[in-house]
Amino acid sequence: MENNPLPSHMNGYLLEEFGKPYVYHTDMPVPKVERGMLLIRAKACGYCHTDMILALGVAPLPIPLVPGHEMVGVVAAVGEDATGFTVGDRVGTLLYRGSCGKCRECIRGTPESCSQTVSAGITAHGGIAQYFLADPKWTVRLPESMGFSKAAPLMCAGSTVYHSLLRCGVDSGGIIGVIGVGGLGHLAVQFAKAMGHKVVAIDVRAAPLELCLALPERLRADLVINSKETSTEEIIKKIEGTLTDDSVGLPATGFDAVLVCTDVQPAYALGIELLAKHGTLVFVGVPEAPVPMSYTAFIGKDITVVAGVVPCGRWSGIGVGGISAKSRINENHGKRWMTSAEVMDDMLDLVERAGIHVEILEYGMDDVGKMVNEFNAEGMKGRLVVKMED
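Just so you know, the sequence shown maps onto residues 1 to 390 in UniProt numbering.
Do not rely on the hints blindly, as some may be mistaken.
In silico EDC-like cross-links for lysine to aspartate or glutamate, where the CA-CA straight-line distance does not exceed 20 Å [said to hold, decoys possible]:
id, residue 1, residue 2
1, Lys238, Glu273
2, Lys32, Asp81
3, Lys277, Glu229
4, Lys370, Asp89
5, Lys301, Asp345
6, Lys137, Asp302
7, Lys237, Asp263
8, Lys277, Glu233
9, Lys137, Glu17
10, Lys387, Asp346
11, Lys237, Glu288
12, Lys137, Asp171
13, Lys301, Asp245
14, Lys387, Glu362
Since the hints were made in silico from the structure, they are not lab data. What you are looking at is a predicted structure, and each value in this text was computed from that prediction instead of being measured.
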């Protein structure tokens, strides 16, 4: 347990000007332990694609700003009225902090969407510094056997694809496509396999495909396809010739759901082409421009579109649209409302039980500039992590 006196200042990075490198400081004030909050001594923080594009100025962030929202560490102080955690706990947290408790979203059980909720690394200081604030509502204990660098990417990348799979509502044994199997996608492939699905991994890059092929056999995709070298028609033939739709005992006709974990526009069109009728398309990537889509494909296939987002509360065992907002408040239909933290706990448990592999590349605090420069390097795969301490 850590009981060292809190310092008044810390080291960390600030985004001070859009399109410019982060600036390293050695005299930043340690955040004040706010009421209802936790102060965390940072051990590691993942660097996400969102962090990179925000630094370019795609949104009006309140700079100067500490970047980073895949945050893990050890509780250093507990604010007044904060419950559930003690100094020394090993924790990770989602990016959200604060909520009013009175608005429509809070009453519905989705305080993540409260207008008073702030997001670390986006509208409030994040985690690429020695200390950061965390809200107990969105904080979870880490398994003792899980290293901090492995845990950090699970706070956003892992939780996003895990929650996306839950939202699809596909029964175990269903057929899941993952397009883009890099940092997010290689986790989606493994989660889907651990949930009992049949999985097809698709990418145009050699490094992510090699990563998927190197995964433990029990977590490896049933098909790994380079869509740069394989036409859509050939991919469909591979699916039909290799996989069976267990719900009817016939050859598969496409994906029950597809997670598009890339920003490349053609990937979304490919996902629609490969969906079976009544399938679900999940937007996990963040395309820079609008994605053109034909309404005839959506109507003809009865496609559902789902946002791939970090956990935001859900009914256990039900996909998107399973229960109305009114019923959420007044009835439970035999199901249990799960908070974001409970979804995160389940995800971490699955990571441990199934042996999910998190491909990471670690950088020290002195190497953040190098990390940013290498983010889009050819051959890059997995997740990038800033390691502050062991």
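Now the hints, each set against the structure:
1. Annotation: proposed proximity of lysine 238 to glutamate 273 holds, straight-line Cα distance about 14 Å (limit 20 Å).
2. With a C-alpha separation of about 15 Å, the suggested pairing of lysine 32 with aspartate 81 holds against the 20 Å cut-off.
3. With a CA separation close to 26 Å, the supplied pair lysine 277 and glutamate 229 exceeds the 20 Å bound.
4. Of the supplied pair hints, the one linking lysine 370 and aspartate 89 is violated, its CA atoms being roughly 31 Å apart against a limit of 20 Å.
5. The hinted pair formed by lysine 301 and aspartate 345 fails the criterion: a straight-line CA distance of about 35 Å is larger than 20 Å.
6. With a C-alpha separation of about 37 Å, the suggested pairing of lysine 137 with aspartate 302 is violated against the 20 Å cut-off.
7. Distance restraint check for lysine 237 and aspartate 263: the Cα-Cα separation of roughly 26 Å exceeds the 20 Å cut-off, and the hinted pair is therefore not satisfied.
8. The hinted pair formed by lysine 277 and glutamate 233 meets the criterion: a straight-line CA distance of about 17 Å does not exceed 20 Å.
9. A C-alpha spacing of about 32 Å is found between lysine 137 and glutamate 17, which places the hinted pair above 20 Å, so the restraint is violated.
10. Between lysine 387 and aspartate 346 the alpha-carbon distance is near 25 Å, which puts this suggested pair outside the 20 Å criterion.
11. With a C-alpha separation of about 31 Å, the suggested pair lysine 237 and glutamate 288 falls outside the 20 Å cut-off, and the hint is violated.
12. A hinted pair counts as satisfied when its Cα atoms are at most 20 Å apart, and lysine 137 with aspartate 171 does not qualify at roughly 29 Å.
13. With a CA separation close to 17 Å, the supplied pair lysine 301 and aspartate 245 stays within the 20 Å bound.
14. The straight-line distance between the Cα atoms of lysine 387 and glutamate 362 is roughly 6 Å, inside the 20 Å bound, and the hint therefore holds.
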